[in-house]
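Undergrad: Sequence:
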Amino acid sequence: MEVELSEGGGSEERTKSKKEEEEERDDWSNLKADILKLIADRLIFNITDYICFRSVCKAWRATNPYSLSHPPQLPWLVLGCEDDFNHLVFYSFSDSRVHKIKLPNFGDKVINGSCDGWLILEDRPSLSISLLNPLTSVQIHLPSAPTQLRSIHSAATTHDMSITKEFMQALIWKFSMSSNPLVTDQDCIMIVISSWNRALLSIRFRHDDDWTLLDDTTMYLDVIFFKGSFYAIDYTAQVFMFDSQLKKVAIAGPQQELANTLWQFAELSGELLVLGNILCENPIVDEWEGTIMFTTERIDVLKLNLEGLSSSLEETKSLDDHILFLGVTSRSISRPAAQYPRGKRNTIYIHDVYSWHNDKLASCKSGIYDLESASLKPLPYNQDTSGIILDCIINIWHEPCLF
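Just so it is clear: in the sequence shown, position 356 is 356 by UniProt numbering, and no numbers are missing.
It is possible that some hints are incorrect.
FRET-style restraints, in silico, Cβ to Cβ [to be verified]: (1) ALA338 with LEU258: 26 to 36 angstroms; (2) ALA59 with GLU372: 49 to 59 angstroms; (3) LYS58 with GLU271: 40 to 50 angstroms; (4) LYS58 with GLY308: 52 to 62 angstroms; (5) ASP185 with SER96: 36 to 46 angstroms; (6) ASP187 with THR295: 40 to 50 angstroms; (7) GLU307 with LYS102: 27 to 37 angstroms; (8) SER229 with LEU258: 40 to 50 angstroms.
Calculated from the structure, these hints are not laboratory results.
Backbone N, C-alpha and C define an ideal beta-carbon position, used for all residues, glycine too.
The whole structure should be built from the sequences, with the hints applied where relevant.
TA: Below you can see the structure in the form of structure tokens.
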């Protein structure tokens, strides 16, 4: 029974219809806040589920903010954008499905890398740079690209390169940050590697109005923030550490020079690994005419030993029962094999890589490298990418974060 006000100001009782009772019973927005909190606490272990949960209605979003803490997630494999450029398409290893998420004011921006939950965006007409958390839609605008980053585009114009090449060759090869740039009581430093000459540049959030050139004397391939310091590695596997004043010190390497090798960092169980992805040319013809195809021949895993009077690189054959998602333009991510039941221990997941080799587009295809058998097999996702604009974005691993 319910009570309604009558036109005369009195009250009268009436019986609810069956339809009204069903509608009231099915109104999920009326769930109590403590019940919603209980559901959210169970779903936060998989951010994809949590985002779907928050999208049900305004009441559920208001009760469960984005700031909820969560454990480390399995990464997304970013595949591209839908043809309207307003939705990001990614494969989630948590549920083995392809999803899409709306991007705010994407416009002419191109996604070029990922680190600690942030995507780095480049606006091609203006060459401006910004950071985006695709889950919270928070954006951070950085100072305009310096000369060392812009040079690649002036070179492209000079040599009359194709639009495809100019699109694929981005301003920034890779980046790393010392902390969450949103935390105002921490001094956040960002270091990037230029795609043009592989130089290192830095910027200090809330302090610097422009970029600072750190070093352009060698060609860097990767940079990472590890245990309070930045580390960088060049094409010879020479490892450098940058102190609190960002002064460079060579600490390990170089290795025996190997042609067509991508040297990359990965953090695993509190230790810093150096991985050499050794490539060999593959005669398979790619969808782009004239593209040079490479495939992984083997991956060398070295552990950076920072103990003692001098640092050294020591070979290892195990990932300690972990799975490693090896990023080229994105930060590499390691997770316990138990977190991904479909995966296999001591395997390395590789995404598609596009670069330039002797002035030609070079492609290294994705796959899963098994350290024990030294073999490569395809990634598990469905590679039917119809409706996705692949040449507007580089495939990357992205670690989803809510902050």
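Undergrad: Each hint should be assessed against the structure and marked as holding or not.
TA: Against the structure, the hints come out as follows:
no., hint, in the structure
1, ALA338 with LEU258: 26 to 36 angstroms, "holds, 34 angstroms"
2, ALA59 with GLU372: 49 to 59 angstroms, "holds, 50 angstroms"
3, LYS58 with GLU271: 40 to 50 angstroms, "holds, 45 angstroms"
4, LYS58 with GLY308: 52 to 62 angstroms, "holds, 58 angstroms"
5, ASP185 with SER96: 36 to 46 angstroms, "holds, 40 angstroms"
6, ASP187 with THR295: 40 to 50 angstroms, "holds, 42 angstroms"
7, GLU307 with LYS102: 27 to 37 angstroms, "violated, 48 angstroms"
8, SER229 with LEU258: 40 to 50 angstroms, "violated, 27 angstroms"
Going down the numbered hints, you'll see the structure goes against 7, 8, while the others check out.
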